Amino acid sequence: MNKLAIASIAALAMTAAPAAMAEADTYVSLGYSMYSDDDATLGAGTARFGAFFNEYFGLEGEASVGFDSDDITDAGTGVTVNVDLGYQVGGFGVVRFQPVEKLTFMGRAGYSMMSIRGSSGPVSETFDIDGFAAGLGAQLQVTDRFAIRGDYTRFEADDDVIDGGLNTFTISAVLTLNGN
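Under the working numbering, the residues of the sequence shown are numbered 498 to 677, in order.
Derived from the structure by calculation, the hints contain no laboratory data.
If you're wondering where the values come from, they're calculated on a predicted model, not measured in any experiment.
Every residue gets a Cβ at the ideal spot worked out from N, C-alpha and C, and that includes glycine.
It is possible that part of the hints are untrue.
Only pairs whose alpha carbons sit at most 20 Å apart, straight line, appear in this in silico EDC-like list of lysine to aspartate or glutamate [claimed, not checked]:
1) K599 x D641
2) K599 x E552
3) K599 x D536
Computed beta-carbon distance windows for the label pairs [as the list claims (entries may be wrong)]:
4) T623 x D571: 39 to 49 Å
5) L600 x F554: 46 to 56 Å
6) N675 x R614: 37 to 47 Å
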């Protein structure tokens, strides 16, 4: 493909994206997420930004920073390891359905990656993991611009660091930036 065609496609994409965002229902949210598996439960602050491009379909990005750690004790050795979430980021496709005026149900699927640190005494190790994540949630519209959202997301790691994956429960306050 020649340089003129590439430049034309790039220019079109840059001008179309703001127009699409102007027509989209955009929102931000802040909340608390609890990541848990059979051994540990970790807490994090979670921020999300999303846009719905029509009544049903949208995209959502999220970032979390951990602040609640947990201790895991190995039954065989008696060694205790403190585990905490450094960060988590993800991108999702979102589908929504509104059965009644102020209640919206949603499903999402995408890709997530996170950094988890384990330490015991002077020894510390960080694990970077990534994989598929999918979940379901509900949102209750309190006012035209403010809502409360609760959701569940299942994270399946592509490696064996997290045996069986993570369950994530999030409660958040949602602010609609523009809605059509």
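Verification of the hints:
1. K599 x D641: holds, 9 Å
2. K599 x E552: holds, 14 Å
3. K599 x D536: violated, 37 Å
4. T623 x D571: 39 to 49 Å: violated, 19 Å
5. L600 x F554: 46 to 56 Å: violated, 19 Å
6. N675 x R614: 37 to 47 Å: With a Cβ separation near 38 Å, N675 and R614 satisfy 37 to 47 Å, so the hint holds.
Going down the numbered hints, you'll see the structure goes against 3, 4 and 5, while the others check out.
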